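K.L.:
In order, the protein sequences belong to chains A and B. The numbering of the first sequence is this note's numbering, which starts it at 1 and goes up by one. The numbering of the second sequence is this note's numbering, which starts it at 1001 and goes up by one.
Treat the hints as calculated values from the structure; they're not laboratory data. The structure presented is a predicted model; accordingly, all values stated were derived computationally and were not measured. There could be a bad hint or two in this list.
Claimed, not checked - Per the computed footprint, the stretches of chain B lying under chain A, defined by three or more beta-carbons under 8 Å from a beta-carbon of chain A, are:
{"#": "1", "stretch": "1095-1101"}
{"#": "2", "stretch": "1117-1127"}
Claimed, not checked - Okay, derived cross-link-like pairs now, SDA-like style, lysine to any residue, Cα gap no bigger than 25 Å in a straight line:
{"#": "3", "chain 1": "B", "residue 1": "Lys-1112", "chain 2": "A", "residue 2": "Gln-156"}
{"#": "4", "chain 1": "A", "residue 1": "Lys-252", "chain 2": "B", "residue 2": "Asn-1102"}
{"#": "5", "chain 1": "A", "residue 1": "Lys-11", "chain 2": "A", "residue 2": "Pro-39"}
{"#": "6", "chain 1": "A", "residue 1": "Lys-155", "chain 2": "B", "residue 2": "Arg-1031"}
{"#": "7", "chain 1": "B", "residue 1": "Lys-1069", "chain 2": "A", "residue 2": "Arg-164"}
{"#": "8", "chain 1": "A", "residue 1": "Lys-155", "chain 2": "B", "residue 2": "Trp-1107"}
{"#": "9", "chain 1": "B", "residue 1": "Lys-1069", "chain 2": "A", "residue 2": "Thr-171"}
{"#": "10", "chain 1": "B", "residue 1": "Lys-1112", "chain 2": "B", "residue 2": "Gly-1122"}
{"#": "11", "chain 1": "A", "residue 1": "Lys-155", "chain 2": "B", "residue 2": "Glu-1121"}
{"#": "12", "chain 1": "B", "residue 1": "Lys-1069", "chain 2": "B", "residue 2": "Ala-1019"}
{"#": "13", "chain 1": "B", "residue 1": "Lys-1069", "chain 2": "B", "residue 2": "Asn-1102"}
{"#": "14", "chain 1": "A", "residue 1": "Lys-252", "chain 2": "B", "residue 2": "Ala-1148"}
{"#": "15", "chain 1": "A", "residue 1": "Lys-155", "chain 2": "B", "residue 2": "Ala-1019"}
{"#": "16", "chain 1": "A", "residue 1": "Lys-11", "chain 2": "A", "residue 2": "Val-187"}
{"#": "17", "chain 1": "A", "residue 1": "Lys-155", "chain 2": "B", "residue 2": "Gln-1098"}
{"#": "18", "chain 1": "B", "residue 1": "Lys-1069", "chain 2": "B", "residue 2": "Ser-1083"}
{"#": "19", "chain 1": "B", "residue 1": "Lys-1112", "chain 2": "A", "residue 2": "Val-238"}
{"#": "20", "chain 1": "A", "residue 1": "Lys-155", "chain 2": "B", "residue 2": "Thr-1109"}
{"#": "21", "chain 1": "B", "residue 1": "Lys-1069", "chain 2": "B", "residue 2": "Ser-1235"}
{"#": "22", "chain 1": "B", "residue 1": "Lys-1090", "chain 2": "A", "residue 2": "Glu-170"}
{"#": "23", "chain 1": "B", "residue 1": "Lys-1069", "chain 2": "A", "residue 2": "Val-238"}
{"#": "24", "chain 1": "B", "residue 1": "Lys-1112", "chain 2": "A", "residue 2": "Pro-160"}
{"#": "25", "chain 1": "B", "residue 1": "Lys-1069", "chain 2": "B", "residue 2": "Glu-1200"}
{"#": "26", "chain 1": "B", "residue 1": "Lys-1112", "chain 2": "A", "residue 2": "Thr-169"}
{"#": "27", "chain 1": "B", "residue 1": "Lys-1069", "chain 2": "B", "residue 2": "Gly-1051"}
{"#": "28", "chain 1": "B", "residue 1": "Lys-1112", "chain 2": "B", "residue 2": "Ala-1101"}
{"#": "29", "chain 1": "A", "residue 1": "Lys-155", "chain 2": "B", "residue 2": "Glu-1200"}
{"#": "30", "chain 1": "B", "residue 1": "Lys-1090", "chain 2": "A", "residue 2": "Thr-171"}
{"#": "31", "chain 1": "B", "residue 1": "Lys-1112", "chain 2": "A", "residue 2": "Arg-176"}
{"#": "32", "chain 1": "B", "residue 1": "Lys-1112", "chain 2": "B", "residue 2": "Arg-1135"}
{"#": "33", "chain 1": "A", "residue 1": "Lys-252", "chain 2": "B", "residue 2": "Phe-1145"}
{"#": "34", "chain 1": "A", "residue 1": "Lys-155", "chain 2": "B", "residue 2": "Pro-1030"}
{"#": "35", "chain 1": "A", "residue 1": "Lys-155", "chain 2": "A", "residue 2": "Val-187"}
{"#": "36", "chain 1": "A", "residue 1": "Lys-252", "chain 2": "B", "residue 2": "Gln-1111"}
{"#": "37", "chain 1": "B", "residue 1": "Lys-1112", "chain 2": "A", "residue 2": "Ile-179"}
{"#": "38", "chain 1": "B", "residue 1": "Lys-1069", "chain 2": "B", "residue 2": "Asp-1236"}
{"#": "39", "chain 1": "B", "residue 1": "Lys-1090", "chain 2": "B", "residue 2": "Thr-1109"}
{"#": "40", "chain 1": "B", "residue 1": "Lys-1112", "chain 2": "A", "residue 2": "Val-183"}
Note that the Cβ used here is the ideal one computed from N, Cα and C, for glycine as well.
Listed below, chain by chain, are the residues.
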Amino acid sequence: MTASVWTRWLKTLVVLAAIFGAWEYVSRAEMVNQFLFPPPTQVFADTFTAFTDPPYRSGDNLLFQIGKSVYRAVAGWIIGVVVGVVFGVVVEWWNKPGSVATSLLEFLRPIPVILFLPVLVLVVGIGDLSRIIVIAWASFIFVAINTIFGVRTAKQALLPDVVRSFGGTETLVLRRAVIGLAVPQIVAGARQAVGVALVLMVASELILSTDGLGWFILFMRRSLFPAEMYGAILMVGVLGLIFGALFQRLQKVILRPYLD
Amino acid sequence: MVVGDLSGMTGQKTSSSPAIHLRGVTKTYPRRGHDEDLRIIDSLDLSFRPGELVTIVGPSGCGKSTILKMIDGLTPLTSGSISFEPSSPKPRMGFVFQDYANALAPWRTVQKNVEFGLEIEGAASRTERAEAAARYIEMVGLQGFETAYPRELSGGMQQRVQLARVLAYEPDVLLMDEPFGSLDAQIRRVMQEELRRILETLDRTVLFVTHDIEESLYLGDRTVVLDHRPARVLSDFEQGERTSSYEEFTASDQFRARYNEVWSLLQGGRGQA
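Use the sequences and the hints to build the structure in full.
P.N.:
Okay, here's the thing in structure tokens:
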């Protein structure tokens, strides 16, 4: 690690330590209701045991719940990205009304996807599929919008003409020039989709609660296990960091030919 | 810049290039708010013999690039015709763009970029492509940079990659659109001398467009002087034998006379750039 990265991590650790330290003190000193607001040491300990030994009789442990959530998020994200790229390329490359598609997507984007969940449940039932579809839909919107923009910009670049000057068909122009030029923009869309997938992963499980991390949070709240609840909430943040880091790795590999 | 071994180039006497005939070529663009279209080129008649090294010089924006693009088929004609003699097989064109940075694929290495033209055509096998690329990378003096990316290279080097790419394609006609226009004077001088050396071993038709009079006289065996929009031929002359040293040439009387001639022609022409 370089010096600057190391100091940045150190500073973050110090700040976190200060926050947790304050929390610990406030809780232990009973300045707040210690039951509802347990100290971080207890939160960590109880959450840790919940990974293997949850405080409920029937149902799987926290590790399993997290696994379920992650599975739905990843599946939804992958589907959304793949469909989004294909859709974006097809719409923008072959049709003039690419702008119609973009306007339509821009219109759909701010609509909270979570609202679709009840409707989806009526159609596909309360299994994993309904939540995967919600996550896939949101990912799709981000990726499709970015793909359309990337392809549109690529079409106006010089490289397509280069392909034509060597006698390339329009298909070759797409394959050899336009896609390559659009990749950075597509990756940016996929990166946005990661964040959205995570949020929807939890949100969909809060609304449609059968299992997963979101269900765990709610269940711990209802069953009055605040320590485990806070722990699970923190886990959401940790998952965010992990997903972000994993995507960074993936991005580095894909974009290596484009960046230094 | 070190130029590699040129002996691999074909030294045939008869050129494989076609003759090119432009007859009554007109190019107009519709203008909003005007009744008349914008006439870039008006009834241009021009012919090129096989294997000629022709420079086309004129003020910026006079339509010279458009002429090249129409010959290549990148831009359609409004009217008139461009024909090749012989008309079949269809001549293979190589185009060198002024904007070298955007003419190269940023995600491809130098080697892969040089292979690009052959890849598009799809006629050569993978090994043939790699060999051709290696040969021309050496010819333009970029050996050692095969695995570098365009962004890691200077402007002059990037333009050399483009040159290698189009040479590896071995086109029948080489069209060059102000390839050195974006380079600084030092690099330009070096590139011009090297290009001349390369082009003189090539027995193909080369059409080189520029707005730099010195460059056009140095490079071109034949020079066509074009007027401002609409483009029309102000002069069309052969220079014959001249030294390949840029310094010597530009110091010669032959050059100076021609330069003044072209300069006053362009000054006297209609309109400004």
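K.L.:
What are the numbers of the hints that this structure violates, sorted from low to high?
P.N.:
Those not satisfied are hints 15, 16, 19, 23, 29 and 39.
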